[in-house]
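> Line by line, the protein sequences give chains B and U. For the first sequence, this note's numbering gives the first residue as 17, with consecutive numbering after it. For the second sequence, this note's numbering gives the first residue as 6, with consecutive numbering after it.
It is worth saying that the hints were derived from the structure and are not from the lab. Small disclaimer: the values here were computed from a predicted structure and weren't measured. Don't take every hint at face value.
One-sided excerpt, in silico: chain B residues whose CB lies under 7 Å from chain U [what the hints assert, rightly or not]:
hint, residue
1, 83
2, 137
3, 151
We treat Cβ as the ideally placed atom computed from N, Cα and C, and that holds for glycine.
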Amino acid sequence: MLCVYGVVRSAHPGVEVTGVQSQPTWKVCSGELGAIVSEASDLLARRRDVEAHLDVLEQALDRGDVLPYRFGTVVDDAPALCGVLERSASHYLDLLARIGGRVQMTVKVVRDDDESVRTVVTSDPHLRQQVSLRRGSAAAWTDRVALGERVAAAVDRLSQQDLELITHRLATTADAIEVAPAQPPAIASIALLARPDQLAELDNAVASLHDTLGQRMRFEYAGPMPAYSFVS
Amino acid sequence: MTVQSYAGRAPRPSSLADVLELVLDKGLVIDAYVRVSLVGIELLTIDARIVVASVDTYLRFAEATNRLDLQAASNSEGLPQMIGELTEGGASSKTKGALSGAAEEVSGWFGSGGDEDDDEGEDEQRSNGDARRRRPSRASAGRSERRSRDGDSGRRARAGNGQRQRRASRDEES
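My request is simple: use the sequences and hints to build the entire structure.
Here it is in structure tokens:
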């Protein structure tokens, strides 16, 4: 079996780092396109293999444009892979043109619930009154649930406003943006497609968002990485 | 007041879960090929993303308002007293209403009376987190727990389970 990492143009120099299961990587070419591969058997999502997958793709990105495959994508052999590259050539070439010369950056927005609760309760006199009447263990269970529901709704509204500000500011410093919901306490997972010359501006945008919202939001900012979120 | 640290840009997402989300959920797929060895992991990551607004979520936010009270008291000494004075007039009747409401709730769950006390003892052994939620005198312990975020959320999750278990057993009894 061959593990496939990503699609490159056939002129791409390939990578030197080893792939999953410490196997050497090479390039299988078909026409204008090539794919970076290594031998693999019984592939599992072990940490070191997932990291090897990232290592290969990151070096491929350093040396040119690459369309990343999902981790764990395997084909029987090189001829089978060439068939895939031929069938999808126009799609892959379009994608390479779209993401060419660009990298992906990710911003995970993580909410501090306590601080968000403080903000909504202190800024809304009606809600503050509700809290003063219904908080605490003396309140009936149903009252506490009702209060929690109101507070949760207010916090969600605040987060939605914050997220609009965040996406608006980030979108102006990138070529494309993808906003996906995330598991609490995170409220969103944002992927940005940017040119290297936009990165300094993007760094500043994230830093300024931290200055504005850092009290109730944490920004986990990572990249540059291959354009995982922009190749589907 | 929480001032979050901002670490700047990292080369990769810091947690394995975030990395897995990128490399298992995103990227090209070859339709004809099934990744048998990874099926279990894909299911896990999809499961983790299903978020349902539930009673436990609401209780968690209600609990957060209790902590808010503590923080307000430590940050500004004048204000809580003022609020206390403003609501003092109506407070006694409100509290009474809430307590009798709770009594109705409890009798609804247990039929007429029953082994309420035994059940409470069991709860306390099973889940300290839940007991803490009911007893304001333990609030200072809750405050120190906040320093360890992971520990706190683990406790909350257990408390949530306790709540579910108890509701389930009440349903069986009624």
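> Now look at each hint and say whether the structure bears it out.
Status of the hints after comparison with the structure:
| no. | hint | verdict |
| --- | --- | --- |
| 1 | 83 | holds (6 Å) |
| 2 | 137 | holds (6 Å) |
| 3 | 151 | holds (5 Å) |
When the structure is compared with the earlier hints, no violation turns up for any of them.
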